[in-house]
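J.: My request is simple: use the sequences and hints to build the entire structure.
Here's the letter readout for the chains.
Number of protein chains: 2
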Amino acid sequence: MSEINNHAEALQHAIRESEEFQALQAAYNKVMNDPSSKEMFDNFRNIQIELQQKQMQGMEITEEEIEQAKKVVEVVQQHEGISDLMTQEQNVNNLINELSQIITKPLEELYQM
Amino acid sequence: MSEINNHAEALQHAIRESEEFQALQAAYNKVMNDPSSKEMFDNFRNIQIELQQKQMQGMEITEEEIEQAKKVVEVVQQHEGISDLMTQEQNVNNLINELSQIITKPLEELYQM
Ligand SMILES: [Ca+2]
Ligand SMILES: [Ca+2]
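Heads up: the sequence lines are chains A and B, in that order.
All residue numbers for the first sequence refer to our numbering, where the first residue is 24 and numbers rise by one.
All residue numbers for the second sequence refer to our numbering, where the first residue is 24 and numbers rise by one.
To be clear, the hints were calculated from the coordinates, so they are not data collected in a lab.
Zero decoy hints are in this set.
Copies of the same chain look alike in the list, so a pair counts if it fits in one copy or across any two.
As a list, the in silico DSBU-like pairs of lysine-lysine whose alpha-carbon atoms are at most 35 Å apart: (1) K94 <-> K128; (2) K94 <-> K77; (3) K128 <-> K61; (4) K53 <-> K94; (5) K53 <-> K77; (6) K53 <-> K93; (7) K77 <-> K93; (8) K77 <-> K128; (9) K93 <-> K61; (10) K61 <-> K94.
T.: Structure (structure tokens):
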């Protein structure tokens with residue numbers, strides 16, 4: 024376990040130092056340091072989390088809720104700081120997904136044997 | 024990117040060499056090398072995948088399907104080889120989840136700032 028954990032921590036460090044994560048951190052701090060941007064972003068995030076939780080619990084999401092969520096996305100996408108933050112989040116998610124694929128390759132190979 | 028990938032590949036290697044993964048591989052091969060165990064396991068896995076896909080697509084899962092799935096789980100749990108395989112799968116999943124938590128800590132910390 025401990026050797027594996029050392030490798031995971033080395034990877035954690037490399038992610039922290041990566042261009043992608045550094046850019047996300049800068050974009051996040053920029054939004055958080057502006058009260059009106061922060062409020063808009065928090066509101067957007069809360070709506071996202073609420074819909075995700077409903078979906079995970081198998082609860083019905085109404086057309087009205089979908090319309091409302093779409094409108095909020097449209098508004099935040101026009102906000103330069105939040106739009107940039109969302110782009111940087113996507114970049115880091117892509118990085119993490121690529122790394123996950125490398126890490127879980129032994130499992131993928133096992134089940135394809 | 025390339026330095027990060029090297030760290031991810033080192034971690035992949037450590038997972039492959041881990042006790043947990045080696046035990047899973049042995050349990051998997053044992054089931055796959057016995058035709059009747061293999062058939063039972065494949066049947067069980069197909070039912071699981073079908074239900075997961077329905078759930079992900081937001082389709083209704085009938086009470087009958089839940090009952091049927093429960094019965095199949097009960098039967099496979101009494102099969103020593105498959106029961107052992109399921110235990111080893113859980114152990115590897117736990118290991119991967121622990122490693123994921125280490126790796127994604129920078130993100131967790133960022134959003135808690
Ligand atoms: Ca293979
Ligand atoms: Ca913090």
